[in-house]
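Chemist: If you want the building blocks of each chain, they are given just below.
Protein chains: 2
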Amino acid sequence: MIDFACRNGYLFLLKFSLIHTDGKGRAGVLGTDRGDVPTPMFIPVGTQGAVKAVEPRELEEVGARIILGNTYHLYLRPGIEIIERAGGLHRFMSWAGSILTDSGGYQVYSLSELRELTEEGVSFKSHLDGSLHCFTPERVIDMQRSLGSDVMMVLDECVPYPCSERYAIDSNSLTIKWAERCKRQMLRGQPKYNADQALFAIVQGGTYPVIRENSARALVELEFDGYAIGGLSVGEPQEIMYSMTEICTEILPAEKPRYLMGVGTPENILESIDRGIDLFDCVLPTRNGRNAVFFTREGKLNIKNASFADDFSPVDGACTCYTCKNFSRAYIRHLFKAREIMAMQLASIHNLSFYLWLIRSAREAILEDRYGVWKAERMETLSAEVADAVS
Amino acid sequence: MIDFACRNGYLFLLKFSLIHTDGKGRAGVLGTDRGDVPTPMFIPVGTQGAVKAVEPRELEEVGARIILGNTYHLYLRPGIEIIERAGGLHRFMSWAGSILTDSGGYQVYSLSELRELTEEGVSFKSHLDGSLHCFTPERVIDMQRSLGSDVMMVLDECVPYPCSERYAIDSNSLTIKWAERCKRQMLRGQPKYNADQALFAIVQGGTYPVIRENSARALVELEFDGYAIGGLSVGEPQEIMYSMTEICTEILPAEKPRYLMGVGTPENILESIDRGIDLFDCVLPTRNGRNAVFFTREGKLNIKNASFADDFSPVDGACTCYTCKNFSRAYIRHLFKAREIMAMQLASIHNLSFYLWLIRSAREAILEDRYGVWKAERMETLSAEVADAVS
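For the record, the sequence lines run as chains U and D. Counting in the working numbering, the first sequence runs without a single skipped number right up to 391 at its last residue. Counting in the working numbering, the second sequence runs without a single skipped number right up to 391 at its last residue.
Among the clues, some could well be false.
If chains are identical, the list can't say which one is meant, so a pair holds when it fits in one copy or spans any two.
Using 25 Å as the maximum straight-line C-alpha spacing, the simulated DSS-like pairs for lysine-lysine come out as follows [as the list claims (entries may be wrong)]: (1) Lys125 x Lys337; (2) Lys52 x Lys304; (3) Lys337 x Lys52; (4) Lys300 x Lys325; (5) Lys325 x Lys24.
These are calculated hints, taken from the structure and not from any lab test.
Hey, can you work out the whole structure from these sequences and the hints?
Modeler: Here it is in structure tokens:
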């Protein structure tokens, strides 16, 4: 609660230090009341107050420092009030590290039915039971106060891909108005659990460079603790995603963290670090893991392939995670074939371990001014397919 | 590999010390090459080479010393040869404690189709793909040699309940002949992984006291490292199960361990300890856990009950397991409602913890000559139902 900067009447509650840059790649430290988060960092996704199949102590073990909770899901189930009565999301789910919560905007866009946007907010039907609900900028801040996340996100509209320029312009001006209302609501309130809560804005604008630029500039003008780039990785070609990211990071202030929402593959992450991104979240490591696809230092590996039936080597020989230290490809393949729950546990532990190792390694490379060479080397193996024991 | 007793040409490979008795209750230590197993002991079930949703390190943490693997399941998938090439079941599944494997007899009876029993062995169709297979007494010993279990079981026939006296007599004489062939096959072979393997016989005889007695006497005459009681908990009234157990333990030698297969509820276990049983295995703690039913020191608790929605106390306040130390009833209920895999992980960890705590407490009570009083106290709460926070 100390050492914050006070500027234009706004308390900057998040400490972010940019330690070193290599090209556009950035190594920093983001400090919350739960501890330091070295950046670049990957944020495992705990949608419903749990990272699927991974216990909090295992998250710590694989090197997670910050996880993501989904306001939309937690609002619908178990309900924000339950979590507030539990003493906040950290206590509810027994996670001592940092938590970032999204605002629900993206889930309203991707999951709910019968969405109705007005200036006031967004009305939607629950994907669980069809019941009617309404989120306003003020309401999502209040909910995130009750969740007690270390980083809150503003309410935004995520436009689909493709989308008309007209729609993207109108939507973006709504998103900016909502961001301002979120900030105002934030300044009116206080944290509930004696730990500071920062607020990030979200740059939108579809795939239109000028709208993206305007969005970024307007939000920077409003001043937030950090800036996310939203509305990407929603179906557009990768090159467009990269160029939109670059347009944003050119404008966003160097001294604030940048978070590319919902991204992505290991390759996406390395390319985006190279364009100045600090934070990422994605369901890919856990979802792919549950589908028997492992990320390894030698490439992707589908453990169900017959060639692994008698392969007694670990999934990734250079990995130090619980899965790789104790179990063979043959055993894990058996667990998947036999539909054992433990298959999903071991796969999720490994894939998160891999992602967090990858991003730690990226940070080291930046600190040692060799990010470009390191990235080129990694990109080659990341796209490979591990086919059998002697790959 | 030392200190075994050699009698009648048979090497007793299992060290069992009976330390103390209290009434018929027995406290002992069963020594395998993987370590000491205090008895009475509960054996978590790892059917397919994994205790469902519980990692080996978590088994250790909850106090498991010996687990069970199913020869029938492992034979069908991944196949005994894969496990042998992995270096045995312990290495395959990364479990450093002891393993007991059943012979497959019970699964052939309960799972497979088109069973055909002959003097030679049993033919059956796989419950997975309908393929034809045959188990003989010699074959199940060879398979268990390849699995490398610390305790092997003989091939037996488990008769259904009810079953005619004639059938029970004939079946039992087949079971005894098979037990003899198993022992002979065992004496012809050697362990494959430099760790001794003991062999337990299985008393059958349905619910006919005289057949049970004859079965027990015949098997004791043949001499085994330990004796199991099979064919119970298959639908017969509990009182019959208890009286059959008692008939067997009256005859079985005091200096050998007794194992009541597939039993059971906490109440069943306490009653059977009181009748001289040392070992138990059952899927109940993990299966009930996956179905949201928790065993606690205050009784059974169905976590899905609405009354737990805002109950922020642990499942069992006196329990020291990971689940109870870190999570509330409200949180675990939410995980079940939201169908999170972690619900099953946390429930299985707790229920195994409870079973192993219960049996450790039983042992302490025996050592302190207060088993009867302790059991009476426990039986009262075990049958209770935890309804809400203030129970």
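Chemist: All the hints need checking, so say for each whether the structure fits it.
Modeler: Hints, verified against the model:
1. Lys125 x Lys337: between (38 Å within a copy, 19 Å between copies)
2. Lys52 x Lys304: both (20 Å within a copy, 19 Å between copies)
3. Lys337 x Lys52: both (20 Å within a copy, 14 Å between copies)
4. Lys300 x Lys325: within (19 Å within a copy, 37 Å between copies)
5. Lys325 x Lys24: neither (36 Å within a copy, 45 Å between copies)
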